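J.: Residues per chain, in single letters:
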Amino acid sequence: MTNSSPRDLFPGALEMMILESLRRQPAHGYALVQQIQQRSNNLLQVEEGSLYPALQRLLKAKLVKASWGVSSTNRRVRTYQITASGLHHLEQQISSFERMFAGITLVLNPGNSPAS
Amino acid sequence: MNWIPGIFRRGKLYSDLAEEMRLHIEERVEQLKSEGLSAEEAQRQARIRFGNRTVVEERSREVWQWPTLESVWADVRFALRGLRKSPGFTIAAVLTLALAIGANAVVFGVLNALILRPLNVPQAVSLFVIQHGSGVGSHSYPDYLDLRQRNRSFDDVAVFAISQSGLDTGNDPSNVWEYETSGNYFDVLRIQPYIGRFFHASDEHGPNSAPYVVLSYAYWHTHFQDDRTVVGRAVKLNRHPFTILGVAPSGFQGTVLFFASDVFVPIVNHEQLSGDKTMLDARRTRWIFEMVGRLKPGVTPAQATADLNSVNSYLKKSYPKDESNDPYTLARPGLHGDYLNGPTRAFLTGLMLLSGLILLAACANLGSLFAARAADRSREVALRLALGSSRNRILRQLFTESVLLSLAGGVAGLVASILLLRRLSVWQPFPRFPLHVPVSPDANVYLVALVLALASGVLFGIVPVRQILRANPYEIVKAGSTSAFGRRITVRDALLVVQIAICAVLVTSSMVAVRGLMRSMQSNLGFEPRNSMLVDTDLTTAGYTGERVPAMQRRMIDAMQAIPGVDSVGSVNYPPLEPPGTWQGTVYADTTTDLSPTNAAADPNMFNISPDYFRASGTSLLAGRAFTWHDDANAPRVAVVNREFASKILGSVPDAIGRYFKLRDGTRVQVVGLVEDGKYANLTESQKPAMFFPLLQSPASWTWLVVRSSRDPQELAAAMRSVLRDIDPVMVLEIRPWNTELGGALFPSRMATVSLGVLGMMGAMLSITGIFGMAAYSVSKRLRELGIRVALGARRGELLQAALGRAFRLLAIGSTAGLLLGILASRVLAHIVYQATPRDPLVLAGVVMAMALLGLVATWIPARRALSVNPMVLLREE
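Chains as they are written, first to last, in our numbering: chain A, 1 to 116; chain B, 1 to 878.
Since the hints were derived computationally from the structure, they do not count as laboratory data. Just so it is clear, the structure is predicted and the values come from calculations on it, not from any experiment. C-beta: ideal position from N, C-alpha, C; glycine also. Careful, some of the hints might be misleading.
[To be verified] The calculated lysine to aspartate or glutamate pairs, modelled on EDC-like cross-linking and capped at a C-alpha distance of 20 Å, are:
(1) Lys317(B) <-> Asp594(B)
(2) Lys60(A) <-> Asp594(B)
(3) Lys316(B) <-> Asp281(B)
(4) Lys662(B) <-> Asp726(B)
(5) Lys60(A) <-> Glu57(B)
(6) Lys65(A) <-> Asp155(B)
(7) Lys65(A) <-> Glu62(B)
(8) Lys65(A) <-> Asp16(B)
(9) Lys296(B) <-> Asp155(B)
(10) Lys60(A) <-> Glu58(B)
(11) Lys65(A) <-> Asp590(B)
(12) Lys62(A) <-> Glu62(B)
(13) Lys60(A) <-> Glu62(B)
[Stated by the list, open to error] Sample of chain A residues with no beta-carbon within 10 Å of chain B, all distances over it, derived:
(14) His28
(15) Gln38
(16) Asn42
(17) Glu47
(18) Pro53
(19) Gln56
(20) Arg57
(21) Ser72
(22) Arg76
(23) Val77
(24) Leu87
(25) Ala102
(26) Thr105
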């Protein structure tokens with residue numbers, strides 16, 4: 001069925017990537033999709049729509065805020081910006097994720113480096 | 001909890017989201033076009049990459065929602081919209097459920113009030129009714145005193161008898177029903193007075209030593225207008241001075257739920273209340289209505305029973321002539337021990353089972369209606385599945401619909417049952433007696449109704465589940481619903497036949513009952529109630545005793561006789577067919593010398609009458625003579641008997657006149673007259689012996705005057721009242737036509753007719769929804785086939801045959817089976833309803849008509865739908 005979502009990566013992964021992108025610069029939904037794909041060297045194929053539930057969750061948790069504006073390409077867009085509590089949340093997430101990831105890597109493959 | 005403002009911002013959030021997503025796709029399209037795709041292809045690619053936009057949007061919205069509640073609310077709104085679109089279905093479903101759940105709530109309400117709910121007294125668990133034998137009243141006062149003193153199992157034991165007195169508060173004497181209680185009654189029940197005080201065992205100092213009266217709350221409320229100064233006031237009971245001590249708390253019912261007495265009086269004053277000196281000492285006279293004991297802590301009922309019976313064997317040894325062989329037993333209070341508890345429990349359990357079955361059948365029917373509806377909507381469901389709705393969501397939606405319906409039905413049923421129970425609580429079936437059924441509903445009833453409603457909603461909602469889980473959206477959207485309507489006999493068919501059969505049984509029975517009731521109005525009762533009036537007086541309550549009683553009776557009879565237009569006047573101590581029953585006396589054959597209870601010849605009905613009673617009551621004298629005023633205390637004892645008495649006790653009808661029989665005290669009585677048989681205690685009784693004694697030889701203070709006259713009853717009643725008021729201005733009088741008074745005797749048959757009628761209605765309702773559901777399902781499943789038949793030239797008759805043949809066959813099978821069963825069941829009915837016979841062409845025709853009508857009503861809408869099939873429209877849809 002069509003219901004599989006990037007949340008299947010693992011809970012919070014998509015949110016984390018969105019927050020990381022937004023930390024670098026505010027962006028609208030479409031741009032976020034592009035950025036995440038590019039930065040992952042197209043390894044992560046995000047079904048574009050799936051972004052929006054995640055964005056709503058972040059909005060609700062006040063980790064990002066949104067405002068309507070005009071993009072550099074002169075389109076009407078809704079731009080998301082990371083908030084102070086978003087930054088804080090992101091840092092926590094990344095550190096805990098790195099610890100977890102290091103752990104998993106050690107268990108699975110003690111010799112190799114994670115990204116290869 | 002920031003969801004409250006959230007609800008108001010919701011609209012903006014959603015429109016932002018939708019807009020944002022639209023712009024996203026637009027941007028993607030632009031991008032793809034710039035990469036060289038055609039406009040059309042770019043659109044397609046963009047949408048594929050975005051995914052299911054509806055699902056995304058829904059999920060994004062869910063973030064903001066109070067999740068389940070709001071989607072449930074959406075389901076509810078959707079279900080309401082759907083139900084509004086098919087009002088016929090909705091009304092049928094709600095009505096069926098209201099009936100079924102209402103019936104359950106009513107029966108449970110009664111069950112709860114009479115059996116499940118503990119008695120409204122403190123520590124009711126340790127209270128037991130002490131029974132001796134299985135009759136209504138089974139104790140004598142001396143027995144009580146002995147039991148109370150000698151038992152070792154009870155903290156204390158109380159008794160009460162029921163009687164009626166004239167209560168004179170100064171200006172307006174009226175009849176009151178009283179509990180004559182032992183002094184410790186309130187203490188045994190552990191009741192505190194509402195105001196004033198109660199009497200206690202310490203107030204009793206021998207006969208007539210405690211002239212105190214305690215008012216029931218209801219009587220105080222209605223007759224003293226809640227006047228708190230009544231405590232200490234002097235009143236007269238049967239013209240003896242009594243003092244009002246206090247008022248019992250509101251809701252205090254004693255230990256007999258269905259009887260509400262007006263006042264409580266110490267039983268030691270029985271002589272003042274009844275004029276009978278001997279009762280308190282008579283060991284043989286078992287007139288105490290109920291004995292109630294409070295068990296000592298730690299004593300089991302079995303130990304107490306054994307203890308009582310050891311006292312009993314002592315009593316039997318000491319008074320061998322007076323004591324019977326019946327053992328003592330204990331029973332729960334509330335319904336007069338086992339006397340009513342057993343039958344009531346059995347009856348209510350049966351009813352509960354029956355109403356449970358009705359509810360189940362209703363659920364099954366609604367289930368098939370639901371299946372039909374789901375089949376009609378299979379395309380909608382398929383589309384929703386194809387558009388990405390999950391099956392869970394669809395099922396939840398269906399369940400929402402069914403639970404919504406069942407709740408609506410449950411609420412309607414509950415409201416109706418509450419009204420009915422309230423009516424039932426204040427209903428007094430016999431106006432002369434303070435009998436009632438205290439069944440006001442409580443929280444338990446509401447809870448049960450609610451649970452039943454929810455359960456039945458889930459139950460019939462489940463029926464179409466398989467249908468939906470198996471649905472293959474692709475197939476359905478492509479080809480419409482294709483599954484063939486099976487030919488095999490399903491459980492549902494069988495169930496439907498059973499329902500129809502039950503309905504036919506009920507219809508048959510209620511028609512039989514109605515016909516029986518009509519006939520019993522015209523049957524030979526052994527007297528002629530038409531053109532006669534009854535005057536109910538009680539000379540004892542009016543304060544007459546001893547010699548003054550017969551003198552007064554004679555005076556009243558003479559005064560009545562003098563009223564112009566009056567044909568004849570008689571008196572009787574208690575008229576036949578007057579509830580609760582007749583007086584009976586034990587008689588022995590003339591040859592019997594040992595007059596112990598076991599040698600008795602019979603317990604015939606006994607009437608004490610004035611000379612002209614037979615003429616006034618329209619009872620025909622077959623042989624011998626009626627009484628005269630010369631058959632008095634100085635003349636030899638004489639009696640008039642009925643044919644049954646003559647043949648059963650005297651051994652011969654033609655030679656009955658002049659024979660003798662014996663009473664319990666050994667008195668020989670000569671039979672001087674023979675009258676026709678009649679009905680005495682109830683209409684369905686088999687022929688019973690009866691004997692009539694002259695008033696002057698066998699005095700009774702109860703006096704019913706029977707006045708025969710063809711004058712207008714109203715006018716006559718007024719004339720009678722004024723004449724009697726001239727004789728005694730303060731005597732309590734009730735004057736009614738005998739026909740009206742007979743209402744009580746017809747009560748069982750009326751009740752049977754009404755309840756069968758109600759059940760028959762329910763049965764009919766169930767059968768209609770059952771057949772309707774099945775026919776509707778069949779038609780909607782085969783709509784395409786029917787269309788093809790029409791296209792191929794089928795006529796209307798053939799079309800109906802194809803669409804509804806099965807429904808009609810089931811109806812015919814069920815009705816026939818039901819009719820036969822109904823005829824068998826009517827034999828049982830003959831015990832309740834006089835002259836109920838199913839071998840009555842009118843009944844048979846009526847049943848057939850009713851069932852046919854039912855079938856017609858049930859299949860009307862599906863038939864119309866089948867006939868209006870338009871092949872062109874249908875085939876084009878494919």
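J.: Looking at the structure, which of the earlier hints fail to hold?
T.: 2, 4, 6, 11, 14, 17, 18, 19, 20, 22, 23
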